[in-house]
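Here is what each chain is made of, one letter per residue.
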Amino acid sequence: MDNAEVLRIRNDFPVLNQLVNGQSLVYLDSGATSQNPVSVIEAEQEFYEQRNAAVHRGAHHLAVEATEAFEDARQTIADFISADYEETVWTSNATEGLNLLSYALSNAGLWAAQGRGDSRLKDLALNPGDEIVVTEMEHHANLIPWQELAFRTGATLRYIPIADDGSLRMDRAGDVIGPRTKVLAFTHASNVLGIINPVQELAALGRAAGALVVLDACQSAPHLPLDVKELDVDFAVFSGHKMLAPTGIGVLYGRQEHLDVLPPFLTGGSMITTVTMERAEYLPAPQRFEAGTQRISQAVALAAAANYLTETGLDRIHRWEAELGQRMVAGLESIAGIRVLGPAAGQERIGLAAFDVEGVHAHDVGQFLDSQGIAVRVGHHCAQPLHRRLGLTATTRASAYLYNTTDDVDRFLEAVAGVRAYFRA
Amino acid sequence: MSLDQLYQQIILDHSKARHGSGLAETEAPSGASTGQSHQLNPVCGDEVTLRLAVEDGKVAQVAWDGAGCSISMASASVLTDLAEGLTVAELHDVIDSFRDVLRSRGKVHADPELLGDAAAFEGVARYAARVKCAMISWVAAEDALNQAA
Numbered sequence: 001m002d003n004a005e006v007l008r009i010r011n012d013f014p015v016l017n018q019l020v021n022g023q024s025l026v027y028l029d030s031g032a033t034s035q036n037p038v039s040v041i042e043a044e045q046e047f048y049e050q051r052n053a054a055v056h057r058g059a060h061h062l063a064v065e066a067t068e069a070f071e072d073a074r075q076t077i078a079d080f081i082s083a084d085y086e087e088t089v090w091t092s093n094a095t096e097g098l099n100l101l102s103y104a105l106s107n108a109g110l111w112a113a114q115g116r117g118d119s120r121l122k123d124l125a126l127n128p129g130d131e132i133v134v135t136e137m138e139h140h141a142n143l144i145p146w147q148e149l150a151f152r153t154g155a156t157l158r159y160i161p162i163a164d165d166g167s168l169r170m171d172r173a174g175d176v177i178g179p180r181t182k183v184l185a186f187t188h189a190s191n192v193l194g195i196i197n198p199v200q201e202l203a204a205l206g207r208a209a210g211a212l213v214v215l216d217a218c219q220s221a222p223h224l225p226l227d228v229k230e231l232d233v234d235f236a237v238f239s240g241h242k243m244l245a246p247t248g249i250g251v252l253y254g255r256q257e258h259l260d261v262l263p264p265f266l267t268g269g270s271m272i273t274t275v276t277m278e279r280a281e282y283l284p285a286p287q288r289f290e291a292g293t294q295r296i297s298q299a300v301a302l303a304a305a306a307n308y309l310t311e312t313g314l315d316r317i318h319r320w321e322a323e324l325g326q327r328m329v330a331g332l333e334s335i336a337g338i339r340v341l342g343p344a345a346g347q348e349r350i351g352l353a354a355f356d357v358e359g360v361h362a363h364d365v366g367q368f369l370d371s372q373g374i375a376v377r378v379g380h381h382c383a384q385p386l387h388r389r390l391g392l393t394a395t396t397r398a399s400a401y402l403y404n405t406t407d408d409v410d411r412f413l414e415a416v417a418g419v420r421a422y423f424r425a
Numbered sequence: 001m002s003l004d005q006l007y008q009q010i011i012l013d014h015s016k017a018r019h020g021s022g023l024a025e026t027e028a029p030s031g032a033s034t035g036q037s038h039q040l041n042p043v044c045g046d047e048v049t050l051r052l053a054v055e056d057g058k059v060a061q062v063a064w065d066g067a068g069c070s071i072s073m074a075s076a077s078v079l080t081d082l083a084e085g086l087t088v089a090e091l092h093d094v095i096d097s098f099r100d101v102l103r104s105r106g107k108v109h110a111d112p113e114l115l116g117d118a119a120a121f122e123g124v125a126r127y128a129a130r131v132k133c134a135m136i137s138w139v140a141a142e143d144a145l146n147q148a149a
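From first to last, the protein sequence lines stand for chains A and B.
Mapping of the first sequence onto our numbering: position 163 corresponds to residue 163, and the numbering continues sequentially without gaps.
Mapping of the second sequence onto our numbering: position 14 corresponds to residue 14, and the numbering continues sequentially without gaps.
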C-alpha cells in the first residue's frame with residue numbers, strides 16, 4: 001500500500017471527510033474503535049430493507065433469507081480466521097467472549113461435580129491448586145474474567161512478567177506455565193505497547209502443560225492475517241467494531257472438541273433441543289452458546305467488513321500499518337521529553353504507539369491534539385496493571401488503520417512537538 | 001471555542017504553582033478541627049487528597065496531594081487560595097456557585113466577585129469530559145469541610 005491507495009480507500013469512509021475544530025480530521029483512535037466503510041453500512045441497511053426476520057425459526061421467506069445471511073456471515077468469518085463454521089460463535093464483543101468462556105469453564109466444574117455432561121468436563125474444570133496464567137500486559141477484558149474465574153473456583157492467577165521494553169519475559173514463561181496451569185490467556189498484540197507476542201511459542205508451552213490456550217486477538221484480527229489453526233490456540237476472541245464493523249458484534253473461536261462439551265453460559269431460546277419442566281438439553285456449538293435472538297444485522301455487517309479487509313489484503317494492511325507505526329515511534333523518539341512505551345524504533349510493532357509526555361498529563365495532551373483536529377486516546381487504555389508496572393497512570397495513544405496516511409502521522413507528530421511548550425513543561 | 005479559552009493563563013500558572021500542594025509536609029494548625037477527603041476520577045486517574053482545617057468558624061488552612069491533568073491541579077491550587085480565610089458558610093456558597101457554573105454546560109456565567117480566580121474555569125463547563133477534572137478538589141473540599149465544621 002501507499003498514500004495514493006490510502007487516499008482512494010478514504011473515499012469509502014464518509015466519517016473521515018470532516019473538519020474538526022476547523023481542521024481536517026486525523027483519526028488515530030482505531031485501536032479503540034474503527035470507522036465503517038460504505039459497504040459495511042450498506043450491508044446492514046440492505047439487511048433491514050430486504051431481509052429482516054428472526055433467524056432459525058419460522059418457515060416464511062424472510063426468515064429463510066435472514067437465516068441464510070446470518071449463517072453465510074458465520075462462514076465468512078470462519079474463513080477469515082481459518083476456523084471451521086461450527087467453531088465460530090457470535091458474541092457482542094471480545095469482552096463478552098472471554099466472559100462466556102470463563103463462565104462456561106466454571107460451569108464445567110459444577111456439571112462435572114454432579115456427573116452431568118461429558119466425562120471430559122472434569123478435565124476442563126478448575127479447582128483449588130489449579131492455575132490460570134496471564135501476562136502483565138493484558139487489557140482488563142482478558143484479565144478480570146480470569147480474576148473472577150479464579151475467585152469462583154479457588155484457582156490461582158499467575159502472571160508472565162514483562163521486561164522494561166514491554167516484551168514478555170519468555171525466559172520466565174516456562175517457570176510460570178507448568179503442570180498446574182489449566183488456562184493460559186494472553187494477547188496477540190498489545191493495545192498499549194504495540195508489541196506482537198510469540199503466540200506459537202507460548203501456545204506450545206501451554207499445550208505441553210495441558211492448558212487451554214486463549215488468545216485475545218482484538219488488536220490482531222483487524223490488522224494482520226489471523227490463522228487460528230496455524231497459531232494452534234484453543235480459543236480466540238475479537239470485536240467487530242475494531243475491524244470496520246458496527247458495535248455489538250464479536251467472535252469467540254473455540255476448538256470444536258472443547259465447544260462440543262463445554263456447558264453453556266447464557267441459556268434460553270434458540271440453543272436447546274428438548275426442554276421439559278425439569279431440565280433442558282442443548283444444541284451443539286455454535287448454537288449452544290447463542291441464547292436468545294442474535295445480533296443478525298451486525299453479523300452481516302461484520303462479514304462485509306471482513307470481505308473489505310480480505311479484498312484489500314491483510315498482509316498489505318499489516319505492512320502499511322507497521323510502516324506508520326515505525327514513523328510514529330521514530331518521530332516521537334526525536335521529540336524531547338517523550339517516552340514511548342514498548343519496542344524502540346526499528347523493532348517490530350503494529351501501527352500504534354502509546355507515550356508519556358514529561359510534565360504534561362495525557363488528558364491535556366489529548367485536548368491539545370483535539371484542538372488541531374487530531375483524535376487520539378488518553379488514559380490507561382483499560383490496562384491499569386501494565387501502566388502501574390511501567391510507573392505511569394495515564395498515557396496518550398495514537399493508533400492507525402488502513403485509512404491513515406503518512407501525512408496523518410506527520411500532522412500528529414508536529415502537534416505533539418508543540419505540547420510541552422504550550423503547557424510550559 | 002479555542003484551546004486558549006479552556007486553558008486560560010491563570011489555569012496554566014496555577015497548574016505549575018500548585019498552592020497548597022504537599023499534604024505530608026504541611027502540619028495542620030494546632031487546635032484547629034480538620035477534615036480530609038480522597039477523591040478519584042476512575043476515567044482518567046486524577047486523584048486528590050485534601051485536608052481542610054477550620055478554626056473559629058473560618059477555614060484556616062487547605063493542604064492537598066494530587067496527581068492529574070493541568071485543570072485538576074490548577075483547580076486545587078485556586079481553591080486553596082480562595083478558601084483560606086473564608087467562613088464555613090462562605091466556602092459552602094463558593095463551592096455551590098462553582099458547581100453551578102461547571103455543571104451548566106456554559107449557560108451559567110461565573111461571578112468573579114464570588115469566585116475570584118476560579119472564574120477562569122468557566123470555559124471548562126463547555127467540555128463535558130473535563131468538568132470532573134475541575135470539580136475533583138472541590139468535591140474533596142466540600143467533604144472535608146463537612147467533617148471539620
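Any given hint might turn out to be false.
As the list claims (entries may be wrong) - Calculated from the model, a selection of chain B residues having no Cβ within reach of chain A, i.e. all distances over 12 Å: (1) Ser2; (2) Leu3; (3) Ala24; (4) Ser37; (5) Gly45; (6) Asp46; (7) Ser72.
Unchecked claim - Pairwise CB distance ranges, derived in the manner of DEER restraints: (8) B:Thr26 with A:Gly268: 39 to 49 Å; (9) A:Ser82 with B:Gly106: 51 to 61 Å; (10) A:Ile144 with B:His38: 21 to 31 Å.
Everything labelled a hint here was simulated from the structure, so no lab data went into it.
Glycine included, each C-beta is placed from N, C-alpha and C at the ideal position.
Right, here's what the structure says about each hint:
{"no.": "1", "hint": "Ser2", "result": "violated (7 Å)"}
{"no.": "2", "hint": "Leu3", "result": "violated (4 Å)"}
{"no.": "3", "hint": "Ala24", "result": "holds (19 Å)"}
{"no.": "4", "hint": "Ser37", "result": "holds (20 Å)"}
{"no.": "5", "hint": "Gly45", "result": "violated (4 Å)"}
{"no.": "6", "hint": "Asp46", "result": "violated (8 Å)"}
{"no.": "7", "hint": "Ser72", "result": "violated (8 Å)"}
{"no.": "8", "hint": "B:Thr26 with A:Gly268: 39 to 49 Å", "result": "violated (59 Å)"}
{"no.": "9", "hint": "A:Ser82 with B:Gly106: 51 to 61 Å", "result": "holds (53 Å)"}
{"no.": "10", "hint": "A:Ile144 with B:His38: 21 to 31 Å", "result": "holds (23 Å)"}
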